[in-house]
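Engineer: Below, each chain spelled out in residue letters.
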Amino acid sequence: MENFFLDNEHLAFHLSHPLMKSIVKMKEKNYTESKRYDYAPLDFEDAIDSYKKILEVIGEIAGEIIAPNAEEVDKEGVTLANNVVTYAKGTQQNHEVLKRAGMYGLSLPRKYDGLNFPMVISIMVAEIIARADASFSNIWSLQDCAETIHEFASEELKSKYLPMIHQGNTCSMALTEPDAGSDLQAVMLKAHYDHEAKCWRLNGVKRFITNGDADIQLVLARSEEDTTDARGLSCFLYDRMDNAVTIRRVENKLGIKGAPTCELVYKNAPAQLIGDERMGLIKYVMSLMNAARLGIGAQSVGLAEAAYREALKYANEREQFDSKIIDFPPVYEMLAGMRAKLDGVRSLLYETSRFVDMYKLFTFEGKERSLSNEERNEMKYYQRLADVYTPLLKLFASEYCNQIAYDALQIHGGTGYMKDFPVERLMRDARITNIYEGTSQLQVVAAIRGVSSGTYLKRIKEYEAIELKPEWQVLKNTLVDMTHRFEKTFAIAKEWNNIEMFDFNARRLVEMVGNIVIGYLLILDAEHHIDYTHSAHIFIQMGDAQNREKEAYIARFTENDLAAYQSIK
Amino acid sequence: MNLKIVVLAKQVPDTRNVGKDAMKEDGTVNRGALPAIFNPDDLNALEMALEIKDRRKDVEVIVLTMGPGRAADIIREAIFRGADKGYLLTDRKFAGSDTLATSYALYKAVQKINPDLIICGLQAIDGDTAQVGPQIAEKLQFPQVTYVEKLNEADERQLVLTRRLERGIETVKVNFPALITVHASANPCRPKHAKRMLKYKHAHTLSELQDQNRDYTDLFKEHPYLRIEEWNAESVEADESYLGLSGSPTKVKGIESVVLTQKESKRFTDKDQDIDQLMKELLETRVIG
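These protein sequences, in sequence, are chains A and B.
Take the first sequence: its letters are residues 2 to 570, numbered as in this note's numbering.
Take the second sequence: its letters are residues 783 to 1071, numbered as in this note's numbering.
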């Protein structure tokens, strides 16, 4: 019996983080929910036990059903006929089993038929499912659209649509248009209010919409006439039952072939406003995108886990020159490096999820009662961290996912290039992670704000202040040195007083910070579990070398260098 | 009218993934070396009971299992998948039972529940006898339908079922009370349901709690549904002479390890003439037709 939760001890490890106590206590309203719901936990230990029980079932479904289906799903893809998108047979089976197991909506409140699980757990579920089949994890994770409905929609919409999630109705978010990709302010799809029918009407085209034929769709549209910027955009809910959207085509993609990517034409499609007009992009879609980026982080880590395992297995089986290939330095260097990146970025994934949990929990708490000053400060603290950690995670997780899949294929040699092994699919699937939900280049634009504001640095100093066992002193010294070098480098970049030069080097600065953050997370993990010792060692050594290179680059960078690059324009 | 269904389930060693130490030297199954699982056919049986429950609201699905204390695991599993409750029939006096003694003990327990319908898996993967279900039906004098593959109809008085037979299928109608045995080709069992798992994860037998030195008196008082009832020979009013070794006329004379070898082979080409010849031979030897 394959079980993708039980065979991966790193997952249970991340449930043992001390902050989980606060998260679960707040989520369970100090364990008072058990009086109203017979499936609510009685205390912290009971809650963790419940999470593990559910993760175990998901792990079994992932290992026994979703993963074995993945190859056929990739081959079969999706079909469009009579304006209906049909999933591959395996995808249908995956969806059906999870639906019958009552797993949809596990992060929603119990009054909407959810299990009231924290973000950390739903992210862990997403990671497990992505390891089994990344394309299915898209369909699965889009249920996070429900979070946006839950947070911002009217009670009327919530009580109608949220229980539908638990019943297995699918979601999609329709943001992108032919001329509005990274730049969502340019969205043109038009919304106008139909006074007679007392609903909004949508007209226009959306493109590259993942799971575009979903039951429930969140649509970003221009509700304010004669506007051209973000402030004219609102967020709407379109119900597939209204049958007013034409699916013009489904894309033929490099990877994630089991997840349909649709071009949609809205013809006077009825829709309902979510929250307030004009707040569509500024507030709701930003929140939706942040959740989606965290989800892609989970997908990337799950995919990377799958690729790493394939590579490790192959390197142990394949013999050349009378030795297993894992015995050759270039091969074990790759594998140990993959493992270090994987351990590191998973730690970043759950650190970010905890920040998001804490900030969201305070936000919801604040709707029910007024928070104390101390609580409000704590909320702001976690919100700031969630805001800067999310793009950092998306950047590192998706890039590492690609690097790990690339190396995994390399370890397979010529065999890996063939369709006979899963690694080629993993590599194709990985390629989208650093593109959708904001490219890596756009994550840098978001993350550099955390560099400039000093939010990362503040957090790094907090990690630095944590007392560790003496055996970590050497690695910690390296991290302290890396931090000094970063501060020095950042000061140089600021002194340029040249926005273009600064932006040109933004990625280098963000990556310097990321290497330090992940390095700290890994020694903190190693402090609690011996398993992370080598990964911490390898990662910090690698990160230190990379940061020195970036430091050297920035230290010598001049306007002349920039001009050389600009000559290409 | 309330319909009471008993599903008979057995905890078995997982003989599908057999390693070297799966058999003891005397040829019996080494239960310690194999993980204990829900007998696969019994899961199909449970699913059929739950399908009847899906169609009619007034159905109670009760799981009955006979085995050691740890067999409570499969009662929990059945409840997670949708069963209403379960009974564990456990007693040292049952040790060494063959199918006759087993069916007697289960028959006594079933009588106590007094169901309208009993659903069993066709056979258990440890013994592969397929005898226990039919024997219980005989003792209860219930009509029995074996090899059931599909539930077609379920109404107040009767079931319409499809049987999977060697050379085809057969559709039969049976009135309650009845006993049916379900074939592995029937619908696979639904998964464990999230909310049911969280609600019933604390369901235990009293012996389990005593073994763990936990006091659950209050919990059982507040949540009576968390108590898994245990029955023994006395509570089902069984006659001891029919139980265990003394009630088991089956004696294993010897066990032989048989290695199958290919004895003779014939070659046929893909020419029409050869294929004709092959068909003739197969028909003559009654392999097909």
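It is worth saying that the hints were derived from the structure and are not from the lab.
Treat each hint with caution, since some may be false.
Straight line, CA to CA, 20 angstroms or less: simulated EDC-like cross-link-like pairs of lysine to aspartate or glutamate [what the hints assert, rightly or not]: (1) B:K867 - A:D39; (2) B:K983 - A:E57; (3) B:K977 - A:D114; (4) B:K977 - A:E197; (5) B:K981 - A:D421; (6) B:K806 - B:D866.
Engineer: Need the list of violated hint numbers for this structure, in ascending order.
Structural biologist: Of the numbered hints, 4, 5, 6 do not hold.
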